[in-house]
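**Student:** Here are the chains, one letter per residue:
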Amino acid sequence: MGKKTRRRSAAELLAGALQLPADAVAGMPRVELVGDGQLRVERHRGILAYDPTDVHIAAGRLTVRVRGLGLELGTMNRQELLITGRIASVELE
Amino acid sequence: MRRAANWVRGWVELELSGEAGEEFFNLCARQNLGFWAVRKHGGDRWTCRTSFLTWPKVRAAARTGPWSVGLLRRGGLPGLVWRLRYRWALLAGAAICLAAVGTLSRFVLTVRVSGNQSVPTGTILSQLRARGVKPGAFGPGLDVRQIGHEVLLELPQLSWMSINVRGTVCEVLVREGTPRPELMEEDKPAHIVARYPGIITRIDVTRGEQLVRRGQTVAAGDTLIGSWVDFKEPEYYDGDMGGMLVRAAGRVRARTWHTLRAAIPLTGDAKVFTGRETSRWSLEFFGHSVKFPQRTSISYDRYDKIATYYAAPFRLPVALRRETCREYAPQSGAVDPQRAAEALKGELRQRLDALCDASEVRRVDYKTETREGLLMVTLLAECEQDIGVTVED
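Sequence lines, in order, name chains A and B. In this text, residue positions in the first sequence follow numbering that gives the first Met the number 0: the first is 0, and each later residue adds one. In this text, residue positions in the second sequence follow numbering that gives the first Met the number 0: the first is 0, and each later residue adds one.
Honestly, the hints are just simulated from the structure, not real lab data. Please note that a few of the clues may not be correct.
As the list claims (entries may be wrong) - Heads up, incomplete: computed chain A residues facing chain B, CB under 7 Å, no partners named: (1) Gly45; (2) Tyr49; (3) Thr74; (4) Met75; (5) Val89.
Stated by the list, open to error - Pulled from the structure, derived: some chain A residues nowhere near chain B, Cβ distances all over 10 Å: (6) Glu11; (7) Ala16; (8) Leu91.
Claimed, not checked - A few chain B residues that face chain A, going by a derived Cβ cut-off under 7 Å, partial list only: (9) Phe24; (10) Asn25; (11) Asn31; (12) Gly33; (13) Trp35; (14) Lys39; (15) Ile305.
Even for Gly, the Cβ is constructed at its ideal location relative to N, Cα and C.
Based on the sequences and whatever the hints tell you, model everything.
**Tutor:** Shown next as structure tokens:
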């Protein structure tokens with residue numbers, strides 16, 4: 000069975016129709032991966048689980064799952080957080 | 000720069016224990032309490048770093064949940080101060096050192112003068128020194144504007160002065176004034192007379208009555224161009240038309256001959272050092288001299304005093320001064336005639352250059368002779384030069 004498709008919000012649909020950046024219009028999280036050493040998440044909602052090999056980040060209607068080795072929460076504040084270490088994969092759930 | 004700013008702000012390393020540590024970090028993030036270097040050490044034990052000022056808020060946040068936080072270590076400048084809080088002597092030494100650097104750097108160590116061309120730097124420095132601008136002066140205590148005004152009044156050759164004290168350097172910028180030209184009084188009658196005797200080679204009269212002709216020999220003081228212009232009477236007119244007084248102007252060139260003499264005795268006294276000398280040491284500090292305890296009297300009748308300064312390779316107002324008194328005895332000796340003659344020729348040539356430009360000199364001859372113990376040098380020069388000079392009636 001395939002994964003359940005997430006329903007898009009009205010704001011997302013509107014941003015898509017008007018070709019506007021969804022992170023600015025709909026408040027969607029912005030995930031930025033730099034090589035395999037840094038992952039920056041803006042507009043996060045906190046950490047759900049933290050382990051040096053697996054980090055789960057709440058990002059509104061999404062959950063960002065980062066897997067890798069020696070993962071470390073480099074910095075974190077209300078707006079953004081930074082994961083450093085050897086990142087093997089990033090999954091959205 | 001950022002790291003330096005963070006170091007000054009300081010940081011603390013925390014140890015967190017308790018269930019669901021992630022929730023603690025989410026709570027801190029919601030309260031905008033930043034942290035970094037979060038590590039999970041297995042089980043429910045975490046470590047992280049936060050800024051020095053945030054630490055009390057993080058501790059308060061931990062009390063709202065099932066967490067306990069402990070301080071592992073302090074870093075940065077506040078941490079350094081915290082570690083050294085019982086080392087009073089070290090802290091006092093650092094504070095005194097900072098205060099000494101801050102205070103001593105306000106004293107003037109160097110005075111630099113620039114922008115002067117004809118006024119000697121020493122003259123300007125001595126005027127400044129008389130008003131307190133010298134090595135050792137306290138910079139903020141100098142009223143540079145007032146001092147600048149006073150020095151300008153004392154030195155009328157200067158038209159502008161700016162004194163800038165930057166740290167230990169006092170920069171003095173000056174501008175020299177342009178001398179006021181001598182105004183000619185056109186209304187006052189004047190002749191043009193000969194400065195030197197000679198044979199006229201050319202005469203151009205701009206104003207006045209020409210009294211000499213080309214090829215004529217004139218003596219010094221002879222009038223060349225007169226101030227009285229006589230109006231010519233018309234033919235068949237018996238009366239006198241009179242004339243008018245003017246300020247004579249024109250250029251008169253002539254061949255001139257100059258004879259200059261100089262003499263020097265063929266014997267003279269010379270210094271012969273006996274080899275005996277005495278040295279005295281002193282310390283020069285901010286323009287003051289501190290003499291070391293030693294014998295001060297000099298038993299020599301005749302001696303030369305030679306001062307030598309031993310200073311650091313970098314500029315400091317401190318130096319060791321060695322004053323050497325070297326005994327000599329006067330001894331008569333013969334003067335080298337050739338060298339003496341060369342010196343006299345140089346002196347005579349300088350005197351000739353003061354009489355006329357080098358380009359006007361046509362020929363120069365020297366005659367050397369010895370007479371009555373004197374070496375005499377005579378310069379014979381032929382020139383072509385302007386000889387006219389204005390003399391008012």
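**Student:** Does each hint fit the structure? Answer for all of them.
**Tutor:** Here is what the structure says about each hint:
no.	hint	verdict
1	Gly45	holds (3 Å)
2	Tyr49	holds (5 Å)
3	Thr74	holds (4 Å)
4	Met75	holds (5 Å)
5	Val89	violated (18 Å)
6	Glu11	holds (24 Å)
7	Ala16	holds (33 Å)
8	Leu91	holds (19 Å)
9	Phe24	holds (6 Å)
10	Asn25	holds (3 Å)
11	Asn31	holds (5 Å)
12	Gly33	holds (4 Å)
13	Trp35	holds (4 Å)
14	Lys39	holds (6 Å)
15	Ile305	violated (70 Å)
In summary, the numbered hints that this structure violates are 5, 15.
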